[in-house]
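Student: Single-letter residue listing:
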Amino acid sequence: MSFLSFKNLSLSVRHELRMKRVLTSQSFEFPIGYFALTAENRLFSRALIELICRKIAPQSGHIIRRGRISWPLGHAAPFSAVVTGKQAVSHISVLYGVSRQQTFKFVKENFSHPELLHTPMQKWQARDRSELLLWLALVPDFDVMIVDTSLVFTHSTSFSKRYLELFMEKTRGKTVLISPNQARFTKLICKSAIHVSEGKISVNADLEWALKNNNLVTLQKELAQEEDTNLDTLEF
Amino acid sequence: MSNLSHEIKVEFRKAQTAARTKQYDLAFSSAVDLKTLNPNAPDIQKFYKALVRIINAQIQSLSNTQGFRKAFSLIDLLAAEGELSSSTAKVVVENLRTLDNAHKRLTYLKSIAAHEVSEAEFLWSEIAECLPEIPTTIEIFNLARKTLRVIPGNYHALTALELYVDQANPDKNDASADHVISNIRVAQLEQRLDGISDYPDRKKIYDAYRTETLKGVPTKGLVYTKAVLSIEKTIGHLEYTLTDEAPGIPKPEEFWTDLQNIITSDQGTQPATASSPRHDGRGIWLKKVASLFLQSANREASNDRIGYLWLLVDPMFHVCVICAIPFFLHDETVQDMPVLPFGIIGACLWMVFRVASVGAMSGGGALKPQLEHPCVSQFDIIIARALHALIIYTLIGSCLMAAAITFGYGDLPQNLLGVVVALFCAWFLGTSYGTIAFCLIESYAGFRRINGFILRFLGLTSGLFYTSEQLPEEVAHILLLNPLLHVIQIARSFWFHEYSSKDASPTYVSVFVGLIILVSLFALLRTLKKPAKVRV
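Chains A and B, in that order, are what the protein sequence lines are.
Numbering-wise (my numbering), the first sequence opens with residue 27 and increments by one.
Numbering-wise (my numbering), the second sequence opens with residue 9 and increments by one.
Isolated chain B (complex conformation):
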C-alpha cells in the first residue's frame, strides 16, 4: 500500500468506501481500473478478488429474493471481466424458474448464455424448457439447434424445433415436422448404436435414451405421452421390439433371421395359393357403385341404433311437410288431380333432384377415402352418393303413394314406366347439376353460397305446388325454362288420368338432360386434371 502513489491511494479508499456502502458497480469499476494500473499491488489484487466474491454472493442473494434486475446489472459487470462464477450462474438459473413469464426468463437466460458459461448443460436445458412456450421465430429455432449441440436429444429443444418447422415456417411444408425431428433422433441413436448388433446391448442403449430424453419432462399429461410416443417411434424405426411375452416366441434376432429366411427363400415355406383364391375379371361397374352406396348408407345409419330407420323416416317427414303445402293452397284437387298425390309427386321429384345435386356437389363426401382404391374413380363415388337420393325418395314416394291409394286419396298410375323415366330424368338433372357445382366449387369455393340461392330459385320455379297451366302466360313462359318443371309435369301427366300437361315438353327435357350430362362430364374431366391437394 505504501508503494502506491497518493492518487491511487485516494482512489483505492474511495473504492473500499463504495464497497462498504454496497455501491458495487462503482466499487467494481474502480477496482478493475486499479487492478489494471497496479498489477503488482497485492492489496489491490486482494481487494479485487474479495469484491468479486462479494458481488457473486450478492447476485445469488438478489436472485433468491427475485431481484433479477439488480442481479443482472451485477452479472453484466462481472461477466464483462469474466468473473461470473459457474456456481452463481447455476443459482441464478435455478432461481429464474420462479419466473412465470417464459419470454422474460429466456431473455435473462440468454444474457447468461452470452458469457463464460455459454456451453453449460444446466443453462441450455433451462433455455430449452422455455422454447416451446414462446412463439416460434428463427431465433428460437437457432437456440433450439444450439441446445441440441450442447445436450443432444433434449426433448424441449426438439419440441421447439418441431413447433418451428410446423408453425412458423410454412415454406418447409414439403416434409412433416415429425419427420425432421425423427430424423434428428434417429441419427443420434444410430450414432450410439454404431457397431452394436447384439440385441441386449442395443436395448440398454434404448433404455438409457428413454431415461435421458424423459429427464425433465413432466411425468403426467399430454406432453409426457407425446414424448414417450416420440421415443418409441424413434426406437421402432431402428429396431423391431418384441412385446409379445408368450412362451415359444423367438428372440428378436432369431425372429429377424426367420424373416430373412422367408424373404430369401426361393420356394416359400407354404404356398399362398392353397387358401387364397385367385380370380380374374373385374367387378361389374353397377355392382361396384352399389357396394359404394352400401358403404355410404351404412356410414350414415351407423350413428344411431335405429339409424337405418332414420334413413327413411327423416326424408319422409321432409316430403310430408312439402306435401302439406298444396293442401293450404288448393281445394281437394289441382286441375282435377287429387291434391295429395299431386304434392307427393312434386315433392319426391324435387327432393330427388335436390339431394342428388347436393350429394354430387360434395364430390362423394364420406366416400372420398374410397378413392384410394385404384378401381374407384371420382365419377363412381359421385354416382354412388347421388344414388342415395334416387333409392331413398323412390322408396318414400312408393310408400306414400301406396298409402294415398289405399285410403282413397288417389288412383293407380296411368303409365308407371313414364313416371319412372321422369324420376330418372330428375335424378340425372340433379346429379349433373351437382357435378358441375362440384367443379365450380373446386375452382371457387364461394360458389357454395351462390348454389344455395340457385337451388331455392329452382325449388320455387319447379311446380311443386302448382302447374304452369295455372299461371299467367308471360310468367309460365319464363318458368318453363326450368327443365325440372317440365319433368314434374310430365310425371304428373303419366300418373293421373285426369291431367295431361300442355306446356311440358319431353323433347326439351331430353335435350337439356343430354346437354347437362355432357357438360358435367367435361367439367369433371377438366377438374380432375388440375393439380390435386395432397396431404402428408
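Same shape as in the complex, but just chain A:
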C-alpha cells in the first residue's frame, strides 16, 4: 500500500511570468522507503514538494493521500519567528492533533537548549531554531516525510547521531522523500530516487545517475549553447 499517489495528475506552475509544465497526466504511487527527490531542475522538485504539501493544487487529476504528510523539514517559513518556542510547540500540537503536554515534554527532553523555549524564536541562533523544528517533526506520526534540509549538522555531532537514530526509528515503513542537499548523506540513506523530468515522474534505481542529473538542465543547456557557438573558433 502506498501512502501517497497521483492519478492522472497534471501540474503547471508560474515562475517569473512564464508557465512551466511540471507533470503531464501522471499516475504514480509513491513507494515506501527512502528516496532522493530529484528533478531536471530545482523548480520542478520545489513544485513537487509544494504539491505534496498542498500548498499548490494540480490543474487536473487527483492526489490521493492515505496517510499524514509532514511539512517540508528544513523550511522555517511555516514557523513564525516572533513566537516563543513554547507557542510554536503549541501551534504544531494543534495543527497535527497531538497532545500539547507530551509534545512539550518530548521537546524539552531532547532539545539542547530547553531554557530558550520561553523566549521568542527570533532571538535564538539559527541552529537552535533548526534543531527545534527538526525535533518537532518527530512528534506527529507522519506517513510521508519530506526532508528539504541536511540532517547532519556541523554544530553538534551528538545531536546529529541522536536525531538520526530517532528519525530512522520513526520513519521505518514510511515514505521519506529527501532533497539531495547533502550528497553524502543522501547516498547513505537512499537506495533510489524519485525523478521528475520532461513532465514525467518515475522511480529511478540508479541513484548516482539521478543525483548527477539533478538540477542539471541549465548547465546542459549552457553546454549545448556553447557547442553551438563553437567557442574554439570564436574570435574576440
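Accuracy of the hints is not assured; some may be wrong.
With a Cα cut of at most 27 Å, we get these calculated DSS-like pairs of lysine-lysine [claimed, not checked]:
1) A:46 / B:537
2) B:17 / A:238
3) B:43 / B:17
Derived by calculation from the structure, the hints in this document are not laboratory data.
On the provided structure of chain A, position chain B as indicated by the hints.
Tutor: Structure of chain B alone, referenced to chain A:
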C-alpha cells in the same frame, strides 16, 4: 649589404631612417617586406630583430605612461607577425589595471587575447576581473567560460557566469544561478578528489582550493564574504566538515561510519517511541484556525513592547473618530437613538466588514507561509486573518458600549443575540467580499485600486452616520441595495428599544450573505486550480 640590389638598399635605408625618427609603423612594415624578400640577408634580419625589440620596449614604455592607444597600434603591428613578446603583454596587462573603465580595459585585453598569448593565465585572470563589472551579454558569458577553461575555478569568471544566468538570461529561470555555479565548482572539486578517501588528504585539497579561489578577491567586504560562503557551500556539498572541537568528538570518517551504522541498523539503537508521543486524530478545524489567528496576532504585536496594547488601542482610536462624526451631524439623538451608541454600532460593524475584507483580500497575508503545513489550506488562513477583525472589533465595541452605558449615554441591549448575529453577518459579508476580491486580484492585479473605490462607496452608503428612514425615498431605495446598510440597521433595531427599522430586511440579508458565501467559495476553488507561482 653589398649583395643587395640598389632598390633594396634604398628601401633598407628608408626603414632605418624611419626607425631612427621613431616612425615605427613605417619602419616595421618596411622591415617585414625586406625580411620576406631577403631571407638570407643577415643585416636585414638583424635590423628586423632589433626593431622588434625596440617596438616591444616602446610598447612597454607607452603603456607605463598610459599611452594605450599608441601602444595598441604597435601591438597590432607586432602581433600580426607574431612578434609580441609574452613579457610585453604581461607589462601591458598589468598597466591596464590603471584604467577605471572596465569596458575599455576589457576591449584592450581582448585585443591581446586575440594574439599568441591567448592561453596565458595572467591575461585571463585580468579579463575575468573585468567581467562582473560589465553588463552581462552572451559575449561576457563566453569569455567567462573561456576563462574557466584556462583557469579552472576563477572566482570572477564564476561570478560573471552567475550574473549572466541570474540577470541577462531570464530564459534560464528553471534553475538558480547559484546551482549552476555550484555544479561547476562541485564538478571541479570532485575531479580533484577522485580516489582520495582519506579525510586529511581531502582537507588539504579543500585548503588549496580555498587559497586558489580566493586569490585576487578583495580581502574585505561583501565580495569576499560571498566568495568564502560560496566555497564553503561547495565543500559542504561534498564533505561534512566537523567544526566542533570539543573533546570526545569523533573524527569525520568515524562519524560517518557511525551514521551509516545507525541507518543500516535494523533495530535502531534507541526506540523513538519511548519519549515521542504518537497520537491519532486530527486537530479540530476551529482550534486550528484559532491557532493560526494567534500566530497572526503574535506577529502583529511583536513589533513593539506594548504591541498587544496597540492591537486594541489603534482600532479603538479609529472607531472613536468614526463615532465622533454623528455628534456633528445630529443632536443628542438620531431617530430617538442616543447618538453615541448609534455611532459605536455603525462604526464597529463597518470596521468588522472592512478589516475582514482587507484581511481576506490579502489571501492570508502574514499567514501565507503557513500553507506549507499540509493541514493548512488557503481557506483556513483567509478565515484566520478575517477572524482578527471580528475578535478585535467585538472587544472594542463591547468596551465602548459598556463605557457609554456606565456614563449614562445609552441602555442595555434589547436583544443581544440579534446584535451578535448582525455582527456575524457583517463579518461574513466582509470575508466573502474580500475572498472574491482576492480571486480577482490574482487574475488582475489592478483590481486592488478599484477595490479602494468600492470600499469607500460601501462605507458612505452603509448608514454609519444616518438611517435610511431619514433619507428621501428615491435615495433610500438605491442605498438599500447595500446589504451592509440593512445589517447595521438590523443591529440598531436589536439594540435600541426606541428604534425599529422599517426598511431593513433580514430576508434580503440572509439571501445576500448565502449567495456571496457561495460565490466566494466557488471563486476561491477556481483560483486555487490555476497554476501557482513557485519560487526557487
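Student: Against which earlier hints does the structure fall short, listed by number upward?
Tutor: 2
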